[in-house]
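Add 24 to a position in the sequence shown, counting from 1, and you land on the number used in our numbering.
Each hint can be trusted.
Taking lysine to aspartate or glutamate and the DMTMM-like style, the derived pairs with C-alpha atoms no more than 25 Å apart in a straight line are:
1. 181 to 194
2. 181 to 195
3. 103 to 230
4. 229 to 167
5. 366 to 340
6. 135 to 208
7. 286 to 320
8. 76 to 96
9. 103 to 167
10. 352 to 322
11. 328 to 285
12. 181 to 361
13. 318 to 285
14. 260 to 151
15. 260 to 401
16. 103 to 72
17. 260 to 247
18. 366 to 401
19. 366 to 195
20. 135 to 151
21. 318 to 291
22. 435 to 179
23. 435 to 194
Here are the simulated distance ranges between beta carbons:
24. 432 to 68: 28 to 36 Å
25. 329 to 157: 50 to 58 Å
26. 396 to 337: 30 to 38 Å
27. 432 to 111: 17 to 25 Å
No lab work stands behind these hints: they were computed from the structure. Ideal placement from N, C-alpha and C gives every residue a C-beta, glycine not left out.
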Amino acid sequence: MIPHDDEKPTAGMLNTFSKPANEGVGMKARRLSLNLPDEFIIDWCDLDKEFKSSSLMPGKRGKLLGKGATSEVRIMARKHATARDEELVAVKEFRERDQAETEDDYIMKIKSEYSIAKSLHHPNIVETVRLCTNRGRWDHVMEFCSYGEIYSLVERKLFAGGVEGYYSRDDRLCFFKQLLRGVDYLHCHGIAHRDIKLENLLLSKDGHLKISDFGVAEVFSGEHPGLRASGGECGKNMGDIRLSAPGICGSLPYIAPEVLEKSDAYDPRPLDIWSCAIVYLTITFGGCPWQAAKTEFEYYARFKRGWTEWLAEHPDGQISDGPDGHPKCGKLFSLIEPPSIKRLILKMLHPIPNKRITIREVMRTACIRNINCCCPETYDEPKVVFDAAKSGQSVKFGPSKKFLHHHIPPKQENKVGKAIKPF
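Using the sequences plus the hints, can you model the full thing?
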């Protein structure tokens, strides 16, 4: 039985957030849409040649951050750095090859993931440093994000309303804009992430959101960054859109309905858009809006019914201002503020993927343009800080604005936070 709208709309969301989303599909199911050559143009080295155990976080081969089904992640440091000024890195060591896959396929998947990640350079994407080997295992060395997963911050109720909440709506919107900027960069360079979720969003030492884990990323246009023709760069020779093969990819609460159907090849870009909207709802209400985008789950059934009824009266599916300008999808969606963001979220969750708003269209909306963001849009952007809490008072002068939001989370007593969730 589906509850009435006047019941507490977020009550059931606590159950959906009691544990992390299912950990994707794993390396065994990571499909490569391109017919790749036997050899990628990729350089690697022995891990111990360039990296060492951190003196700040001692332990054999570095302090263990986390362990998953396909890898484990440790903190290490560059060898050239001094103890006083260590440059920490996160080292993701992949599992051994599964017996069901060939050695060539196993190495191809690792090199594909690495070459995609290595080609990406954006303030809201985790920087990839090196591909290494150690004791017969492959290691992916990357930027260390000291404040861990956004998931853990939501789990600590730092995004909650009332007295428990630490992050304000302005903070949430700033994080959302940073996520969208990262996805915009990816899509503009022919890359779809396909597994956007809180566990894959990290917080850097500067309080900036970073997208991580490109294990199921798809090169939907242009040359694969691992090919010689790309020169190691993404977005080269972009043209036609390549569809992704049918099949579930990602984590259930964040997956778009057309992907869950597993019936046809799909454009991976609308999947990322859908997932970004789910991320915003999750950091706003403290839980995923549904367990999966299937009508067997009551909250999604209510959402889908709202769209079905509204589309019957508005067959063009164009959301607009006004009381009848968007579908009524339950009390939860009525609580989204401001109204312009609510309309945007609904556009990002359009059940028909080819009518879902694109990332370029999202970035052009007034509601996103008007969000004060504390993170530079590109690495080339001049650093000029404006304290958003002080009516735009500048800290440093220059040609471009950057707002200060103080996203650094409070210390957690007697607990060691996770920095990267391995997959």
